[in-house]
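Colleague: Here is what each chain is made of, one letter per residue.
Protein chains: 2
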Amino acid sequence: MAEDERLVKKIAAKSEDFSRWYLEIIRRAELADYAPMKGMMVIRPDGYSIWENIQRLLDGRIKDSGHVNAYFPLFIPESFLRKEMEHLKGFAPEVAWVTHGGQEELEERLAVRPTSEAVIGSMYAKWIHSYRDLPVLINQWANIVRWEKVTRPFLRTTEFLWQEGHTAHETFDQAQDETIKILYLYKEFVESELAIPVVEGRKTPREKFAGAMETYAIEALMSDGKALQMGTSHNLGQHFSKVFDIRFEDREQKRQYVWQTSWGVSTRLIGALVMTHGDDSGLRFPPQVAPVQIVIVPISIGNWKENVLPVAVSVEKDLRRAGWRVRLDAREEFTPGWKFSEWEMRGVPLRIEIGPRDVKENRAVLVRRDVRKKDSVDLGELISRVKGTLREIQASLFDQALRFQRENTRTVSDYDEFKEVIESKRGFISCGWCGDESCEARIKEETMATVRVIPLKRDREDIGPCVCCRKPGRESALFARAY
Amino acid sequence: MAEDERLVKKIAAKSEDFSRWYLEIIRRAELADYAPMKGMMVIRPDGYSIWENIQRLLDGRIKDSGHVNAYFPLFIPESFLRKEMEHLKGFAPEVAWVTHGGQEELEERLAVRPTSEAVIGSMYAKWIHSYRDLPVLINQWANIVRWEKVTRPFLRTTEFLWQEGHTAHETFDQAQDETIKILYLYKEFVESELAIPVVEGRKTPREKFAGAMETYAIEALMSDGKALQMGTSHNLGQHFSKVFDIRFEDREQKRQYVWQTSWGVSTRLIGALVMTHGDDSGLRFPPQVAPVQIVIVPISIGNWKENVLPVAVSVEKDLRRAGWRVRLDAREEFTPGWKFSEWEMRGVPLRIEIGPRDVKENRAVLVRRDVRKKDSVDLGELISRVKGTLREIQASLFDQALRFQRENTRTVSDYDEFKEVIESKRGFISCGWCGDESCEARIKEETMATVRVIPLKRDREDIGPCVCCRKPGRESALFARAY
Chain E
1 MAEDERLVKK IAAKSEDFSR WYLEIIRRAE LADYAPMKGM MVIRPDGYSI WENIQRLLDG
61 RIKDSGHVNA YFPLFIPESF LRKEMEHLKG FAPEVAWVTH GGQEELEERL AVRPTSEAVI
121 GSMYAKWIHS YRDLPVLINQ WANIVRWEKV TRPFLRTTEF LWQEGHTAHE TFDQAQDETI
181 KILYLYKEFV ESELAIPVVE GRKTPREKFA GAMETYAIEA LMSDGKALQM GTSHNLGQHF
241 SKVFDIRFED REQKRQYVWQ TSWGVSTRLI GALVMTHGDD SGLRFPPQVA PVQIVIVPIS
301 IGNWKENVLP VAVSVEKDLR RAGWRVRLDA REEFTPGWKF SEWEMRGVPL RIEIGPRDVK
361 ENRAVLVRRD VRKKDSVDLG ELISRVKGTL REIQASLFDQ ALRFQRENTR TVSDYDEFKE
421 VIESKRGFIS CGWCGDESCE ARIKEETMAT VRVIPLKRDR EDIGPCVCCR KPGRESALFA
481 RAY
Chain R
1 MAEDERLVKK IAAKSEDFSR WYLEIIRRAE LADYAPMKGM MVIRPDGYSI WENIQRLLDG
61 RIKDSGHVNA YFPLFIPESF LRKEMEHLKG FAPEVAWVTH GGQEELEERL AVRPTSEAVI
121 GSMYAKWIHS YRDLPVLINQ WANIVRWEKV TRPFLRTTEF LWQEGHTAHE TFDQAQDETI
181 KILYLYKEFV ESELAIPVVE GRKTPREKFA GAMETYAIEA LMSDGKALQM GTSHNLGQHF
241 SKVFDIRFED REQKRQYVWQ TSWGVSTRLI GALVMTHGDD SGLRFPPQVA PVQIVIVPIS
301 IGNWKENVLP VAVSVEKDLR RAGWRVRLDA REEFTPGWKF SEWEMRGVPL RIEIGPRDVK
361 ENRAVLVRRD VRKKDSVDLG ELISRVKGTL REIQASLFDQ ALRFQRENTR TVSDYDEFKE
421 VIESKRGFIS CGWCGDESCE ARIKEETMAT VRVIPLKRDR EDIGPCVCCR KPGRESALFA
481 RAY
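In order, the protein sequence lines correspond to chains E and R. Quick note on the working numbering: the first sequence kicks off at 1 and runs consecutively. Quick note on the working numbering: the second sequence kicks off at 1 and runs consecutively.
Among the hints, erroneous ones may be present.
[To be verified] Here chain E is said to cover these stretches of chain R; the calculated rule only asks that three of the stretch's residues, wherever they fall, bring their Cβ under 8 Å from a Cβ of chain E:
| # | region |
| --- | --- |
| 1 | 23-37 |
| 2 | 73-83 |
| 3 | 86-96 |
| 4 | 141-155 |
None of these hints come from the bench; they were simulated from the model. We treat Cβ as the ideally placed atom computed from N, Cα and C, and that holds for glycine.
Construct the complete structure from the given sequences, taking the supplied hints into account.
Modeller: Here it is, written out as structure tokens:
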């Protein structure tokens, strides 16, 4: 059909030019658009709807684990960032500075929030006095600005949206428990709701957050074989509490510095959804976070507006009442075939087709986006069949992604093999590493691969010699080229 | 009891020093705190929880009326604001300017979003081509920066949170319908959920939004007799569409400029809750938006931890399962009396006291925050009694505020009476106005009162002569001193 061809032609094939496909599909599916300011984007309603679903599902988990939300200022005085030089050095190249308010030049420049450890630390110093005030378990949903040189929608933009948790505890152990608890909360959330399998682990000192004692992360493999950092959880130790003088009287009436953590995920997750699940026909969204879960397309032949449309409208009402996000596409200016490929491109997990014959037989056709399987269903059991099918789609997208991740995680034992794999196949490479930053730096320079994480659940016995220098391995590291 | 006295002493009495009371209660009840940057505040968890409730309840209404959410950039190039001089002039004194990104000075200054008409207009010009693309009904939840000279937490701060709707339509009438529909959506929301009665009406040209054809607002009366603008809805006409060239092909294939609206409410509503419902004992929150709806205080005498606490825990569980926001205050370091006044101060609508005798009789005592009425209730009917009582509290707070508003809305017929009322009683003053800006300006200068709105539902026949110049009245205006 002519319309379908026209549609397909507009977009690069994912399998041929992944990078162009990513940029084109995001705009074509109206998830985001370029803003008139370099490096900034507009998150359009369908893209933002995914973010709202992420917020709702993640916020529930954050609250159920005892955290509360708050809101801290967008502007942070330069002197606050300066208090912690390691932190400042980490962020200075990326800070947007406000220098004027109205007509006046400010006495002190204000950083537009690149992250909130400094301003939140200064408030915690006012609020925390005794061990009875601990733990403080606060999360914030906010916008963040980092002056990035190379940008890509959702993955790296001058402004992005995120949540940042900031907690304070009596002991190191409690802070460490929180750090790991959140890491696994993120893993469970991303795997169940976004259907993206991740590897959890510790970052190397070179890759950790500026000011953190230890950074943990979850990493996923995109379908071009590059890794994407999906979320981070930092044990900050007493680093910021010493800088911002956050002290409490402990159970023995001694003044102690609190132990802190911070952790976050961002709108980058939307980019991960696109890159993990998309195919040559466009997007494929997991039902849990899809902006539209079900699209109903009435087959517009004959007097469809009299005999088909009313059934479609009533099906829409039923599905909506059952709690799903449904769209009925009753537009007259497009053919059913055009609509099929349009909604496939937009990643709607389930399509329901209703034609004159279906109406006569009191049936409808369910078409899965993920495997394109068609099923004729009696309208009487539509709700339960839709429920089951959406659950199957969610599980099947995860399984596909997990299979891809496993097939593209390779254990190598020498550097030649490492280079060969990274060049020809990409993916995750698991190997021994001496723990020395010079080897890490050399590998990055020669192969563009970095240590994504030291996975948490690896048997210590298995560590081979360092893939680079052949000295005894200290860590079993997971390398990849990354976004 | 000594603790209660200590607590009460800490805060100014509302009836004696309203302004000091407002600032003190907000910090004492931990709704907000001053940030280390002038004019900025931190919204603490209890304050933010109110905002989350407002968001949830208002967002539902916004979506049910056909709008979708999106997210537009925080930074707006100066040239975009300059495109519309009236708009720029309106906001220029209040704009925070970003001049540097990282180490580099920017070629063009970026405004930190004082409102988003300009950036959204530039995107609509890209997205809207045909009447089939209309209406565009987009809302955004975002942070806003305005460089204010005099600030007050929630009411006027350098940064605040809001929602801003931006719609585009085929005709003037459709834009006008949307403007009024949103005005009444706001009114219904504020009255039902915040229990604050408002007057809806049109702003004078002097008070309207920079760039709007017509601004409508809802105004409430705070308990010190000053008015507070609670929300605005603007009919923008074709003003911005001409500036940003937002055109569409209409049903007759002619190119037309779209008709636009914009509308918003902000975290200022939290200040309105404090000022409308508070009393000398502290805050009184309407149950619909209260951070905590019910506090359970076990009476800690004898071996209460064995016989009372388990009942309190089970009551908490039941109430939480029923969907309420509940806190059980089982702290040992405070007496029940201290806790009573603490939670009264924090505005929790309903307190449940459970003592040893209550446990024996399978009962609990419900205490309403609004009228301090006590009721002994059988635990078997607790859920239904709590439900009914919370509903009564919500209604009674609205009724009290409405009575106050009515008692403090006075019709005056001459300027002496106007001055006398505004000086001695404040409140709303209803009177005739010639419609001339010079009278409006003179009244403001001499009395500090401004036209809050020209109420929508007034019988045109009733207009008296202008209160100021005695010429025939053109409008029946509602004046007040305002925040």
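Colleague: Go check the region 86-96 of chain R versus chain E for me, would you? Three or more residues, Cβ under 8 Å, otherwise it fails.
Modeller: Our answer is that it holds, as 5 residues pass the Cβ test (under 8 Å) against chain E, meeting three.
Colleague: If you look at each residue in the region 73-83 of chain R, do at least three have a Cβ nearer than 8 Å to any Cβ of chain E?
Modeller: holds (count 6)
Colleague: At least three residues with a C-beta closer than 8 Å to a C-beta of chain E: is that true for the region 23-37 of chain R?
Modeller: holds (count 4)
Colleague: State whether the coverage of the region 141-155 of chain R by chain E holds or is violated, taking the criterion as 3 or more residues with Cβ-Cβ distances under 8 Å.
Modeller: Result for this restraint: holds, n = 4.
Checked against the numbered hints given earlier, the structure satisfies every one of them.
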